[in-house]
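K.L.:
Chains Y, X and U, in that order, give the protein sequences.
Under the numbering used here, the first sequence is numbered contiguously, ending at residue 768.
Under the numbering used here, the second sequence is numbered contiguously, ending at residue 259.
Under the numbering used here, the third sequence is numbered contiguously, ending at residue 159.
If you're looking for bench data, these hints aren't it; they were derived computationally from the structure.
No incorrect hints appear here.
The calculated lysine to aspartate or glutamate pairs, modelled on EDC-like cross-linking and capped at a C-alpha distance of 16 Å, are:
(1) K88(X) with E119(U)
(2) K250(Y) with D531(Y)
(3) K88(X) with E120(U)
(4) K149(U) with E112(U)
(5) K89(X) with E119(U)
Label pairs and their calculated CB-CB ranges:
(6) V82(Y) with C37(X): 39 to 47 Å
(7) E609(Y) with A152(U): 48 to 56 Å
(8) L29(U) with E14(X): 29 to 37 Å
(9) E145(X) with V31(Y): 46 to 54 Å
(10) C37(X) with E121(Y): 15 to 23 Å
(11) V82(Y) with K144(X): 56 to 64 Å
(12) K144(X) with P16(Y): 55 to 63 Å
(13) D233(X) with T426(Y): 49 to 57 Å
(14) E415(Y) with A152(U): 46 to 54 Å
(15) R143(U) with Y423(Y): 44 to 52 Å
(16) V31(Y) with P114(U): 29 to 37 Å
(17) A13(U) with E15(X): 22 to 30 Å
(18) D233(X) with R452(Y): 29 to 37 Å
(19) K249(X) with D685(Y): 35 to 43 Å
No residue lacks a Cβ here, since even glycine has one placed at the ideal position from N, Cα and C.
Now for the letters of each chain:
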Amino acid sequence: MSESGKNRVIGGVGKPVPKKDAPALLTGKPVYVADIAPKDCLCVKLLHSPHAHAMIEEIDVSLAEKLPGVACVLTYKDVPDVRFTQAGQTYPEFSPYDRLILDRHLRCVGDPVAIVAAETEKQALAAMKLIKVKYQVLPAILDARQAMDNQILIHPEENWRALVPSCGADNHRNLVACGEDADGDVEAELAACDIVIDREYSTQANQQCMMETFRAFSRLDAYGRLEIVSSTQVPFHVRRIIATALDIPKSRVRVVKPRIGGGFGAKQTAVCEQYPAIVTVKTGRSAMLIYTREESMTLSSPRHAMSMHVRLGAMKDGTIRAIDLHTLSNTGAYGEHGPTTVGLSGHKSIPLYTHNLKAFRFSWHTVYTNTMSAGAYRGYGATQGLFAVESAVNELAHRLHMDPAALREKNIVREGEVMPAYYGETAASCAIDRCIAHAKEMIGWAEKYPARTLENGHVRAVGMALAMQGSGISQVDTGAVMIRLGDDGIYNMSIGATDMGTGCDTILAQMAAQSLECSVDNITVHGVDTDTSPYDCGSYASSTTYVTGMAVIKTCEEIRRKIIRVGAKLLRCREDEVLFEGDCVARADDGAFVTLAEIAEKHMMCGTEDISACVSSGSEISPPPFMCGCAEIDLDPLTGEIRLVDYVGVVDCGTVINPNLAMRQTEGGILQGIGMTLTERPVMDHLGRTVSNSFLQYKIPARVDAPSIRVAFEPSFEPTGPFGAKSIGEIVINTPAPAIADAVYNASGVRVYHLPITSEKVLLGETE
Amino acid sequence: MAKYRNYVIAQSLEEAYALNQKKSSVIVAGNMWLRMCGLNKQKAIDLSALGLDGIVEMEDAFVVGAMAPLRAMETHEGLNRAFGGAFKKAFAPIVGTQFRNMATVGASVYSRFGFSDVSALLLALNAEVILYKRGAVKLAEYQKEAWDRDIVVQIRIPKGQCAAVQSVRVSATDIPTLVCAASKSDAGMRIVLGARPARAVVVAEGLAPDAPQRVYEEIASQVTFGTNLRASDTYRKKIAPVLMARAVKACQEVAADER
Amino acid sequence: MNVEFTLNGRKIAAEIDADENLYAVLRRLGMYSVKCGCETTNCGLCTVHMNGKAVLSCAVPAARCAGSVITTLEGLQDEAKKLGECLAGEGAEQCGFCAPGMMMNVFALAKENPCATDEEIDAYLAGNLCRCSGYVSQRRAIRKYLAMKIEAAEGEVRA
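Bound conformation, chain Y alone (with noise of 0.2 Å):
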């Protein structure tokens, strides 16, 4: 932007500063992927299975190859026989190796057959038509209910394997996780409370449907290496799964991630990069492959389906104390995410009821189909488990004919209360209470719960949910920023989140300056490429603002020591006897001072110190940032339609470094919430093929659907994070389908349990 729009305000933390790329994102610069890829890179396309289980009996790509400008057709005679995971999780990975690049078994619908580069995408459409495929088809397993100790094996092969064995993986059973976690007698506790509801809730495969679909172009760097430039949100892991994939060492792979389309999850599974990939280490040519928006909607890494039986204990008083959650989540075809997000259903979802909890029991299975594979999406289990339990809590406040937001202020996990079920973590920071308090003061909770009916025959009414979430993976995750002085005193930056929209460049960057007392402009940000940048596990799990922001904070702090050291030794003084005053280091007693300009220049001349600093960081908890929304809608008795009104949303993220982009975080996580519960269906025939296959079959909101979202922040103090931060990536999406749910039978006595909400099911009073 222009001069007037920069930031001249030294530090940055808590306000508002524009997206340090924002200038070239909105002048329509060439800055992503495809805008970048070589001019002659070849064109990929996947050849898809059309059956949910299949085996190739026999595969002819000789008419094929032979097309003009085809460059080659590779099946799976062509790829290493080496299993691998395409989730972007840290080694060793949760999630099975159960893939090849391409297998001659075939899981589901989609599940690629063959691989075809040709010059142009014609050339390559045409020499897949003449691919001639003899398939023997199996029975599928569809129904996730049916999956386990299915006589139908998905992953039969010897070379499956499990790295994580306590995950409770069985491919002998269909299965990628089991597992219990609990606290007390919850069977005792059950039998001795007043009121047990006792519910199944499901939720769908949405997708994440971010605009850019999944792509990545490779080619051969002047040394010979393998480089892959992709729309990623987890380029390291990309880097190792490219390597395991195509069985050659990490040595040889370096991977970029340049500006992206947004990601949401989706892009944390390395969906596309290997078929380019393998295509370039076949042909030494460059190779690029965009998926379709149909590929994206048929082959990808949407939300895992789950469902889920709870059953919640409470007293005649409404103090809750027990719950049991059951949750069964389909994992697809592949296990990508399978045993992890599984557990955030429960782990994310019963602590928020801690305080009069005397026992709670999370059990869970997860299991293969012959559907999409799932995969990562915003909220990650969390919401599906979050569906259950809110709706659970908003059905017995119905039941004690409480105020559902009356019986959560009484059950809610406080401030400084250990969570039995959140590992035994402490909620060192927690406003929850106070984001209830704010979010009815904002919807009008006082006089619109729960319904009236206006003029028109319509009927207004209002619900509530609660959410929690994580900041990063406890213990696994790791965030390393480097950062060096330059020329006139400017700070070059790397990092290795990455950011995806989010503006986490920006964030972290408003960090830097805040601990250098610098402007944000002084901190240039460069990411993301494997070769140079210090090493991140990635942006997901709500890690970046909480787990790389404490690594800038780090490695500020190493450098200012450095900057300090050297200013001293100019001002010949001892360090101890110099202040760092952001533009200069000072002398205390006579005030005498170098700039850092000239700081720079000292280091850059003969070799005297190297002033960089490169820190890691990783935590070994995950403190949760804590949220109320609040929904209003329209229903209209004679057809069940559905219509928001307002959506408020009020989250405790603890510190919020930048307000705007917080903001924008929670008015897009809240409207896909609202998607997923409303006009999101994710829709299979019976023979498992998707048919909700694009933009004019699954229907993300448009502005025409979206209501006033108002987002209100209740910040706490988290200590263990950066000026106090915590997550907001997630947590956005956890509320609106508990709360539109509720709002639903406020407004009509029909209570959904299984997403999506239509109007169908509200008006023929289908619940079940």
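Dock chains X and U against the given chain Y, drawing on the hints supplied.
P.N.:
Frame of chain Y, contents of chains X and U only:
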């Protein structure tokens, strides 16, 4: 993606018609749906140079060129004045302004899409389709026919009536789950149901404007509804009488306003 | 086949296939602001102006463009900066992938209805999907941009 070997910008209707007699040819109008059909044709025949995009007000009718974009009808003052703003209201939910700048009325009429908001309204207004060879055909008849190789040139919408449309949609810009259009003229109310999800049909003609709800329920019980991604036949059957009553009421209100 | 048209003020000739769409041709000509987000004319990412009207370039047959005037965001950089500042001021661009198409449609709106209300803004841009922002901040930014335009126009009149 549609595939064509040749793209011909027709210089006359006769040329377009002659070229279109081959099965290997296809007419390109707005290209909104055609591009998704996966066609593989020798020849695409473009009608954009034939000046078929006008909207002309005659004494007793509006004549709309087949290539007139939906947005032109939606924003046409005369059309909306004559029919109580029905075009503006009926077309507004169709995807977005860019889409409606491109999608043409002729293609909507020719394609006879089940979900068409356009056909439902034009049927209620008892429009006529002017075909290049066959001449004028009532839309109500044309709507029942199979696709042929004649070319839609114009749509004629008789004046002296007003109309209103009601619909239910999964989201605001989705194709309708069910759409009902009603018109009021000297001959009484005429009601159309579209997106059943099969092609739109006229379900009532000459109906009294003050019919009791029972009448709409009886009408709906005679109509065939189907099930698709958006809703079941049961749901459609249940909301059809509601939409009919509302469309008739809205039509009455428009008529009253005009008086 | 060959087609000649005006692109961002310059007359150009392009070699095209009979079944190509304008989107593909524009990308080939280096107009990288033009994006594709769906294949079903639902998302609005590929919006450009054709003879002054906002159209979805993915559905415009390239052969139909002969003699027409095509404008992309590359040709409206000054306006892009103005609207861009409003959007960036709100953080409303987020990933930015939908921004060029949305901005092109805002320019069409500004021409057609510079005094648009919030409801009119939403209705006009209904065909421009965004998955990041939740739209409310974009609405505010667009309102600000339109107000700025009107103020500038009034300033000119006074001058």
